[in-house]
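Novice: Top line first, the protein sequences correspond to chains A, B and C. So that you can map any letter, position 132 of the first sequence is 132 in full-length UniProt numbering, and since no number is skipped, the others follow by simple counting. So that you can map any letter, position 134 of the second sequence is 134 in full-length UniProt numbering, and since no number is skipped, the others follow by simple counting. So that you can map any letter, position 210 of the third sequence is 210 in full-length UniProt numbering, and since no number is skipped, the others follow by simple counting.
These are computed hints drawn from the structure, not numbers from a lab. Even for Gly, the Cβ is constructed at its ideal location relative to N, Cα and C. Each hint should be verified, as a subset may be incorrect.
Unchecked claim - Cβ-to-Cβ under 8 Å is the rule here; a few derived chain C residues that face chain A: (1) Lys177; (2) Lys180; (3) Ala181; (4) Gln182; (5) Ala184; (6) Val187; (7) Ile206; (8) Val210; (9) Ser211.
Stated by the list, open to error - Derived BS3-like pairs (lysine-lysine); straight-line CA-CA distance at most 30 Å: (10) A:Lys182 - B:Lys206; (11) A:Lys256 - B:Lys249; (12) A:Lys6 - C:Lys180.
To be verified - The following residues of chain C were derived to be distant from chain B, with all beta-carbon distances above 10 Å: (13) Gly49; (14) Ile102; (15) Phe112; (16) Ala244.
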Amino acid sequence: MDISLKSVEYRYQANTPFERLAISDVSIDIPSGTYLALIGHTGSGKSTVLQHLNALLQPTEGTVLIGSQEIKAHQKNKNLKAVRQKVGIVFQFPEHQLFEETVEKDIIFGPMNFGVSESEAKRRARVALKQVGLGEEILEKSPFDLSGGQMRRVAIAGVLAMGPDVIVLDEPTAGLDPRGRKEIMDMFYSLHKERGLSTILVTHSMEDAARYADQIVIMQQGRVAKKGTPEEIFSETAELIQMGLDVPEVVRFQLKLEEKLGSKLDKIYLSIEELSAAVSERLKRGVRS
Amino acid sequence: MKKSIVSLKEVSFQYDDQERYALNNVTFDIFEGEWLAIVGHNGSGKSTMAKLLNGLQFPKSGEITVCGLPLNEETIWDIRKQLGMVFQNPDNQFVGTTVQDDVAFGLENMGVPRIEMVHRVEDALKKVKMDQFLYQEPHHLSGGQKQRVAIAGVLALRPAIIILDEATSMLDPRGREEVLATVRDLKAEKQLTVISITHDLDEAAKADRIIVMNKGEVYREGTPEEIFSLDEELIELGLDIPFSVKMTKAFRQMGLTFTKNYLSEEELVTELWTSRLNL
Amino acid sequence: MMEKMIFGRYVPADSVIHKMDPRSKLIIIFFFVCVIFLANNGVTYALIGIYTFLMLGFSKIPIRFLYGGLKPIIWLVLFTFILQLFFTKGGSLIFHWGPVKIYEEGLKMGIFISLRFFFLILMTSLLTLTTTPIEITDGLETLLNPLKKVRFPVHEMALMMSISLRFIPTLMQETDKIMKAQIARGVEFASGPLKERIKAVIPLLIPLFVSSFKRAEELAVAMEARGYRGGEGRTKYRQLSWAAADTVQIVLLVVLTILLVLLRS
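Bound conformation, chain A alone:
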């Protein structure tokens, strides 16, 4: 399912003395099957953009196209529920949304709100639980008796069980330890690869953006400051640094090395393996010439 934002503007508490412009003139295309990373500082407008992706917010100017559904400013938009079933959002600290007595009931809550039958929802719950790396034995447990990491996985399973075509992730690994972080990120990546799920990752982590995304959008002060592939984005590091953003460690290392060596490598490398290969090749060739 394609999503596209066309010149979207959003004002909080419009037409009151507290009015505040959050984003303006934001245009982003997310074709079906894309892995897009949305990057920016706290307050750059990225979480406002996120909430437009399933019509939690409706633009005060411009249009949001989600599949065949058009959400326009200045008009009453109907049938938003259909949109929300197709676009699942995993909010930051999603474990805070758990509320049911058992894990199973919590996971089937979303699907059943969207009219899925109970037996089908329960089947999906089992599949989703497996996807997030938990065993069926916890289905009957109370979600509040689980560890923090398990709770987060259950919450994610609840979103996956809705059967979305697009999944939006808002800092899904915040507060996890390194192992938990890697497991969660790898899980979403394999879902993206295997099921062709469009994935939109809102993150502070340049490492994750460089590793997983095929498109990057950088937000600054409510506007799209830059968009492109990771290679394109991280080739122009000066700009990023000027915006007060980090560059991935690999890129930072390559820049330091290039400076010391006084010459540039042929391109920007985004993984340790590629960079080490290119550098050692260069060093060896350097000796021969």
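Keeping the supplied structure of chain A fixed, place chains B and C upon it in accordance with the hints.
Specialist: For chains B and C alone, kept in the frame of chain A given last:
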């Protein structure tokens, strides 16, 4: 000779509702003026450690000494004056309705006279560069700013030791750097002892010494260089290794040789540069 | 609707009333509520009205803002008026239409009681509009201090109030966040039959309770770690200062009271 400021002797602890020991026979010293990082994955026992050091829980067996005092119900309030804590969630430790009220909270508890309070509040907020925000309410502050206020609250009490209990884990990169830079400056200026409980390995890499916890026990103790040479072992413990160590490893696989693990990218870059000349 | 509501809101401004000590404001409101019952004729009500509008003027709160905010309450005042108008009997009959009878006394009572109600609302709004909640808490704590002698937990009550105030915005943000998360999971808060809507509140309330308990627990730990062990031996950072203006205001109210006693019938 390094002077011990905190010492744990054969400390064990078990939560009432759990079978497993959260801490099992833990013994180590923390030395005056050092930055000690206690690392471990979630559930390794590192957070329990923080609670014990501050007397929020008491060990089932073993002994803890802080600044020469054995930690028990009688000494606890004196010990808390020596030992300030910054917790994980910036919101849930902000007691005051404004920045200055929050910093004053600890001083009020200690019964410091008002005139001195005003002076100490202002001073502490200057140190963490939050003195422009005296009247600000917490919901208008960023996570990093709230944590800096929490640090000011600790500083105002003039403790000898400051414990960061995963104090940066809920912050964005900018907030994390803000908080760590603040603590680094303070440590240099005041000869504070810093105990940072964390799973951020880049943060631990800058410590003087690291203790790795696993399953409630001290798994390994040493300098960052020693600890990060554990390499795969750390990853098995659910931790990570710093980037420069990963990079060194990758170069080794490409057939380059190095004498040691580099903890900073600069060192590694210099080494590569020299090796080019020597090849 | 909520944005326009002014009851209980603080509006910052640089005025004599804003600068007053919360203690004097609390004392004045307390006595005003008693004194207003002294008024029982046109002159005394006029006096109370002059006093109220004088205070409003001093506070520099824009009248338009007040009007917008008090609109919903004006309906309540009107309702009181109509109730008195139709149901008080006495004096001569001044209007008669079918079963509806309006007496002179009814008209008088209607005007007086709704005016009293109106002035009370204005004065109490004035307190909250010009005094931050935390100042009110401080004021109350100091004023109630003598009650400590009879073991009334004054300090604990004040601390509880100030912590609640501190966490209201945090909880609002949290509510908004959880609501959005549940809307994304297909919950509809704003539509459907009443029964469905009540059901929809559960996925919001339970997470809120859970997180509030967690907050409370962590806050308690943090407070203990910072040396909190009850009110005993504690000093206070926030300080109240009684100025000449406060005394003048009290005197003004005393003068009003004397005039009311002399002029009432």
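Novice: Decide, hint by hint, whether the structure agrees.
Specialist: Checked hints:
no.: 1; hint: Lys177; in the structure: holds, 7 Å
no.: 2; hint: Lys180; in the structure: holds, 5 Å
no.: 3; hint: Ala181; in the structure: holds, 4 Å
no.: 4; hint: Gln182; in the structure: holds, 6 Å
no.: 5; hint: Ala184; in the structure: holds, 5 Å
no.: 6; hint: Val187; in the structure: holds, 6 Å
no.: 7; hint: Ile206; in the structure: holds, 4 Å
no.: 8; hint: Val210; in the structure: holds, 7 Å
no.: 9; hint: Ser211; in the structure: holds, 6 Å
no.: 10; hint: A:Lys182 - B:Lys206; in the structure: holds, 23 Å
no.: 11; hint: A:Lys256 - B:Lys249; in the structure: holds, 18 Å
no.: 12; hint: A:Lys6 - C:Lys180; in the structure: holds, 23 Å
no.: 13; hint: Gly49; in the structure: holds, 35 Å
no.: 14; hint: Ile102; in the structure: holds, 51 Å
no.: 15; hint: Phe112; in the structure: holds, 41 Å
no.: 16; hint: Ala244; in the structure: holds, 22 Å
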